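Colleague: Chains as they are written, first to last, in this note's numbering: chain A, 1 to 352; chain X, 353 to 591; chain P, 592 to 909; chain V, 910 to 1207; chain G, 1208 to 1465.
Honestly, the hints are just simulated from the structure, not real lab data.
Treat the hints loosely; a few may be bogus.
Said to hold, decoys possible - Result set (DSS-like, lysine-lysine): computed pairs, CA atoms no more than 25 Å apart in a straight line:
no.: 1; chain 1: X; residue 1: Lys530; chain 2: V; residue 2: Lys1076
no.: 2; chain 1: V; residue 1: Lys1076; chain 2: X; residue 2: Lys484
no.: 3; chain 1: A; residue 1: Lys5; chain 2: A; residue 2: Lys69
no.: 4; chain 1: P; residue 1: Lys893; chain 2: G; residue 2: Lys1394
no.: 5; chain 1: X; residue 1: Lys566; chain 2: G; residue 2: Lys1394
no.: 6; chain 1: X; residue 1: Lys526; chain 2: G; residue 2: Lys1394
no.: 7; chain 1: G; residue 1: Lys1335; chain 2: P; residue 2: Lys899
no.: 8; chain 1: G; residue 1: Lys1394; chain 2: X; residue 2: Lys581
no.: 9; chain 1: X; residue 1: Lys554; chain 2: G; residue 2: Lys1335
no.: 10; chain 1: A; residue 1: Lys298; chain 2: A; residue 2: Lys37
Predicted model only: the values in this text are computed from it and were never measured.
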Amino acid sequence: AETLKIGVQAPITGSYANEGQGIDNSVKLLAEQINAKGGVMGRQIEVFSCDDEGTAMKAAICAKDLVNKGVSMVIGSYTSTCAEAAQKTYFKAGVLQTSDGTADSLTEKGYWTFLRNSFPNSAEADYVADYMIGTKKYQRIVVISDFSSYATGLAEATVSAIKKAGGNVIAYEKVKADSQNFTPILTQIKSKKPDAIFFAGYYTDGGQLRAQQVALGIKADFIAGDANDNPDFAKLAGSAAQGAYIVNVPTPGMLPYDVAKDFLKSYETKFGMLPPSIWTLMNADGMRAIIHAMEQNKSFDTKKAVEYLQAMEPMPGITGPIAFAKDGNRIGSSYMTFEIQADDSYRVAHKQ
Amino acid sequence: MSNQPLFEIKDLEVSYGSIAAIKGISMEVHKGEIVTILGANGAGKTTCMRTISQLLKAKSGSIRFKNAELTGLPAHKIVGLGISHSPEGRRVFGILTVEENLLLGAYSCKSVDRKVLEWVYDLFPRLKERRKQLSGTLSGGEQQMLAIGRALMSKPEMLLLDEPSLGIAPILVKAIFKQIRAIADNGVTVLLVEQNAKAALKLADRGYVLEVGKIATSGTSEELLSSEKVQEAYLGKKH
Amino acid sequence: MKNLNVFGYPLFIVFMAALPLGLDARWQEVAISFLVFSVVALSQDIVLGKCGIFNMGQALFFGMGAYCTAILNNEYGWSLLSTIPVAILIPALFGILLAGPIMHLRGDYLLVTTIGFNIVFVQAVQNNLGGVTGGPNGIFGLDSLSLFGHEFTDQVAVYYFAFAVMLLTLWIMRNLEHSKAGRALHYLRLDPLAAESIGINTRLYKIFAFGLGAGIAGLAGTVFVAQFTAVSPEGFGFMQSVLFFSIVIVGGSSVPGIFLGVFVMFVLPEVFSPLATWRYFIFGFAMIAAMILRPRGIWPAKFGNIPKFLIKESNHGG
Amino acid sequence: MDTFFQQLINGLTIGSIYALVALGYTMVYGVMRLINFAHGDMVAASAFVGLTIYTQVMGQSATLFSVIMIFLLAAVSMACVGVILERVAYRPLREAPRLSAVVSALGASLVIQNGIMLLWGPQMRIFPELVPQVYWEIGGVVVSLIQVIILILSLVLMVALYFFVEKTRMGAAIRASSIDQDAARLMGINVNTIIATIFIIGSSLGAIGGLFIGLYYRGITFNMGWQYGLFAFVAAILGGIGNIPGAMLGGMLLGLFNAFIAGYVSSTWSDAFTFILLIIILIVRPTGILGERVAEKV
Amino acid sequence: MAGNDLVLTGVTKRFGGLVAVDDLSFSVKEGQIYGIIGPNGAGKTTAFNCITGIYRSEEGSVKWRGEEIRGLTPYQIVDRGIVRTFQTIRLFSEMSVAENIMSGRHIKSSQSWWHGIFPTPGSRRDEKENWLRVQEQLEFFDLQDYATTPTGSLSYGMQRRVEMARAMAVEPTLLILDEPAAGLNDKETCELLQTIYKIRDKGVTVLLIEHDMDMVMEMTDYLSVINFGRKIAEGTPAEVQANPAVIEAYLGSEDDDE
Ligand SMILES: Nc1ncnc2c1ncn2[C@@H]1O[C@H](COP(=O)(O)OP(=O)(O)OP(=O)(O)O)[C@@H](O)[C@H]1O
Ligand SMILES: Nc1ncnc2c1ncn2[C@@H]1O[C@H](COP(=O)(O)OP(=O)(O)OP(=O)(O)O)[C@@H](O)[C@H]1O
Ligand SMILES: [Mg+2]
Ligand SMILES: [Mg+2]
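Just chain A, with the same shape it has in the complex:
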């Protein structure tokens, strides 16, 4: 019988493996749930996973691979870089792609096949700038990113948002992801006497940066972007985690919606743990939205599905109401700032 082929492109191994596995797991879980109810318009869902290892090249290869397998939509990837590397291939093949990648550039190319299921960097940047300048009134801000599209996008957007808000960015530095040793650059930063450090990269580096910042005696507040919202951040930073700030949309456990509670429960029963982060859930929402559109259209046509999504009223999602703008961006945003406590738990420090 004919099936509805859905691809997963995610970093199933590599540095972001637990995020990637989260995405893969939730797609499989959704597929199972839908198949149990008789599938999508009578078609069973068949899932094809491709591991992009968080690298752009592998992502490009995955894209070709998945297209060759004849999928009609792809969920993922986790990083903007990987999502971007695969975009054009999906676009050429008319395959829908929904990713939590937050780099603004993802929606700037005019590929109708791309649907962002998270909120773009620029939204986060505005929030961060407002929080740092408006609320905290920092005078000497350092911004650090790595080389990924996501991090550079977020960092650049933040720098310009801070400047627009009248703040003073004394340094904007880039670090190499996974390089572990950040002391040389932190030592240089120390000599500039900052009062806040904003880090736009991923948690694997963020935790170590924070630990080394404290070890070097740099007494600045550490504010980390959304990709640091992972339990490993605090574990990596060790006792230095306390007092670090993380900016993100609400954590899975905080989600007030019924859909969310149901989904989290089945996820936990099936996999014995909670999803690693909200990004997993955003991707699940992306998949739910596309299938919803197909069902409403009574057609598997991808183009029609997108047209429907861009026009539809917000539908209830795991991560809140879902709706899409004409450029494929998800509408809305709900950022907040968490402060890490001594026991590694979060305290909400500021809400939008």
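Once you've looked at the hints, dock chains X, P, V and G with the ligands against the given chain A.
Modeller: Just chains X, P, V and G with the ligands now, kept in the frame of chain A:
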């Protein structure tokens, strides 16, 4: 000659991969003798010596020393049994000093016997002069002396010498041969491989002539020196 | 040896020429990868296998070729095929320039310098050198293969492009074996001092090998771009170089050995892709086992490449 | 000026880790003329083994005793891995062409690296905070307890190793084996024992390096061995491979290069500049700073 | 200008503090078989290395046909017709005898490097011609039967012959041999002697180092004796043999013999 040989080889065969280098040789050496093995290039002399030291493993046959079987033992056990080997091409430890080389020669003994060291220095006064010099910077002849001296450090009962005159100036060849005699007079049995047949036969009591892995002739030095065959092939009328 | 020339190669070529007809899209893609990586491995063989230069940075030239093509296409709109001369010349030139000052280094020291070059290259590309390399993400969404304005969307076209490049490489390898230059490489690998002492300018020929290897790898880079219409730094990292290095040694630095090596290293993993996580683990064992069982490689290169009239009936060995 | 001294301390800390790991490369190279590419992965493996010992054996206790036990047990287990590695992957290839053994080493590296991934998973694992985060600020320069421990312990180990190799009977046997194995056998030296010893020493030092990485940076990944292994290998080459003081010097210098280049020139170009500097040094001194201890005469 | 003469004047080569060759001068005339003898470590091989460009002497000059060749690289020196063999055999042991000899044709071949990529009819013809020359050498040295045999599996004496054939394939005017008889037994030495005569008869000048005094006395036209890098004597073999300095430093007196 006593009836029980100190050292005995029986039907030894050795090969490199599929190439047979030694094709069944037997020989014996009695205590106190100097025995020489002669032969053209590639006859298998070095192969034979290396097999005695177990650096190479025999395909078949037996090698017995003081009634103990050597084949199958690991190479580093041989010197402990009383057989010392001064290899072809000297093989001194170039970045170690002369004295360090000599001390390593006594590695198999629990402790270094100062008397042996003095004896070696007596045999080769040049080595004493150069004690602290890196052995790699010695001239070829000095290195050869060092190699022999190093082999003596383990107080061997039998000494294997592989071409001690190779590439050595005539004057040093004479000096070295003289010391080999002195070593033998000290009660050490010597098995000597030489290219320089005339000199070797003058020194040795008996000899074996090896030809492509087989023993062609053997006998006392006098017999060999006067043998037609040996004359022709090795001592030969030149030109 | 004779059988290989009379039957082996023609059969292989005919088989490869007909191959895409029997494959679905996914396996066609694997087949293209096989060809591209074979060409790079052959280019590595010129440097490592023939000339004996311990080069662990061949991916650099592969990448440089790919980037030349990608940048010219992306920034200046050149068609992929028209970038070929640049994609050969720039890596070859770099190969020559880089080789110059380091060719006097011995084995392992050369190994690190070539690794170093590779790392410098990857970092330069990641840092978006000159603003054209696309940084760590690379360059995506390049044009497909086109000829005289006609665009080939089918990847079978890419396959035949790769196939042609492989044939060209094989032809050059063959010419090399039957020339003074090719022999010189063997001589200087086996004993540089002896080679120098019979009149071989070892430096010149080492640089020649390096440049030639770099040029061919660069050409393979163009094919790579045609296949993926994308480039990114990690495709040309040090790990890739290690793979090419291993292929040449595991293969035994002979042409059939290298094809086998590429097949084992790049195609088999696709066959066993369900075992993905176990793949490299098993692979490592396979590499060790291959070397232990066949220390000179699976299919060791043979010498004795001499004209018939020299071969006498009573010849020994050979 | 503070910044300069701070970078110096940072550079020396990481440099001494490189040096410890580099010793493993250099010692094996010295005797076997083999670049043991698996060494870096053993360093990584050691960190994971240490983590497991901490959670499974020591019951997550962070006392001084348990820290010492972690070091001892991890070093012993890596020494075993090293010996097995030599038996399985290198000994059969002693007579083979040199590059075959290199490829075998690369294979072993893949096996160990992916073995770690299969056993402990692909994600980053987090090393416990075994050394309390204690800092001293001396005139603007911050030195942490862990840095002091790493520096002192590495130095002690290196000096001990140097005396072992230069002044003892076993050391002389090691040096003799590294010059000429057959000649060493003729002296009654059991070369197999020597090689096993080399692997035991090298792997244990590497294991300690791995634990230092875990303690210092906390995040450990299955593939981090490549990164540290490569740098340590470069350090060994920089000093002159096969040369024990060379490896120590090379490691320290590399750590300093890294720190100063990343600090003063550009952190994004630090690897590139480090390698360029290395290449320049090699062009000027083709066998490393202290030179390789081999001489070929024609 | 004196024909194909090799003239060394005041050549000095140091290794660190060691003066391996010390102010050495001698001249080899066209057509001679010229011998160099001296104790081990006297600097003979080093002197050869200075002539053939493997080392560059710090002082002095090496003139060949009136041209200064000190400072040229080995391959440039080969290009001028000077070819050497080594004290330890350095053949390409994995390769066949024919290929080894072919390596000697390298410098005579008219192909340039790019012919290795794109052959031309001219380069193919050149290839063929050089193989024909290899055949000539195979015949000259009586090696036809071994054309395809890897040199590594030949006996030592045979390898010496291949090495000589390889050097002769270069068509040298001056052939430099470093202890060609080392490790040969008397019979093989005799054969070697005949070969060297044949080479000389082709008009090639021969310069050699040798420890085998019988051979040296028999064969050479003129001799230099070196000790500690310096020349201590020169002359015809008979003169040198009688020179007390040489006896003391090198030959040893007859009464040592017994
Ligand atoms: N490592 C090896 N591999 C293959 N064949 C070898 C090897 N070593 C020696 N042979 C062959 O074994 C035979 C005997 O060699 P061996 O070295 O024992 O001769 P030899 O009598 O010592 O000669 P020489 O006078 O040159 O030292 C020769 O044919 C040689 O080519
Ligand atoms: N590359 C080098 N580095 C250091 N010293 C060297 C080097 N080459 C030669 N020597 C030294 O120079 C001196 C002369 O050596 P050379 O090889 O020329 O001697 P030789 O006369 O050829 O001796 P033999 O007859 O033993 O071959 C020796 O003391 C040797 O140790
Ligand atoms: Mg021999
Ligand atoms: Mg010499």
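Colleague: Compare the distance between the alpha carbons of lysine 893(P) and lysine 1394(G) with 25 Å, and conclude whether the hinted pair is satisfied.
Modeller: 35 Å, violated
Colleague: For the pair supplied as a hint, lysine 1076(V) and lysine 484(X), confirm whether the alpha-carbon distance does not exceed 25 Å.
Modeller: 15 Å, holds
Colleague: Hint check: lysine 530(X) vs lysine 1076(V), CA-CA at most 25 Å. Holds or violated?
Modeller: 36 Å, violated
Colleague: Next pair to validate is lysine 298(A) with lysine 37(A); report whether the Cα-Cα distance is within 25 Å.
Modeller: 17 Å, holds
Colleague: Tell me if the straight-line CA distance from lysine 526(X) to lysine 1394(G) falls inside 25 Å.
Modeller: Given pair lysine 526(X), lysine 1394(G) holds - Cα atoms ~22 Å apart, limit 25 Å.
Colleague: Going straight from one Cα to the other, do lysine 1335(G) and lysine 899(P) come out at no more than 25 Å?
Modeller: With a Cα-Cα distance of about 11 Å, the restraint between lysine 1335(G) and lysine 899(P) holds, given a limit of 25 Å.
Colleague: Are the Cα atoms of lysine 5(A) and lysine 69(A) separated by 25 Å or less?
Modeller: Holds, at roughly 8 Å.
Colleague: Is lysine 1394(G) within 25 Å of lysine 581(X), Cα to Cα?
Modeller: 12 Å, holds
Colleague: Could you grab the alpha-carbon distance between lysine 554(X) and lysine 1335(G) and see if it respects the 25 Å cut-off?
Modeller: 54 Å, violated
Colleague: Keeping to a limit of 25 Å between CA atoms, is the pair of lysine 566(X) and lysine 1394(G) held or broken?
Modeller: 19 Å, holds
In the structure shown, a violation is registered for the earlier hints numbered 1, 4 and 9, in ascending order.
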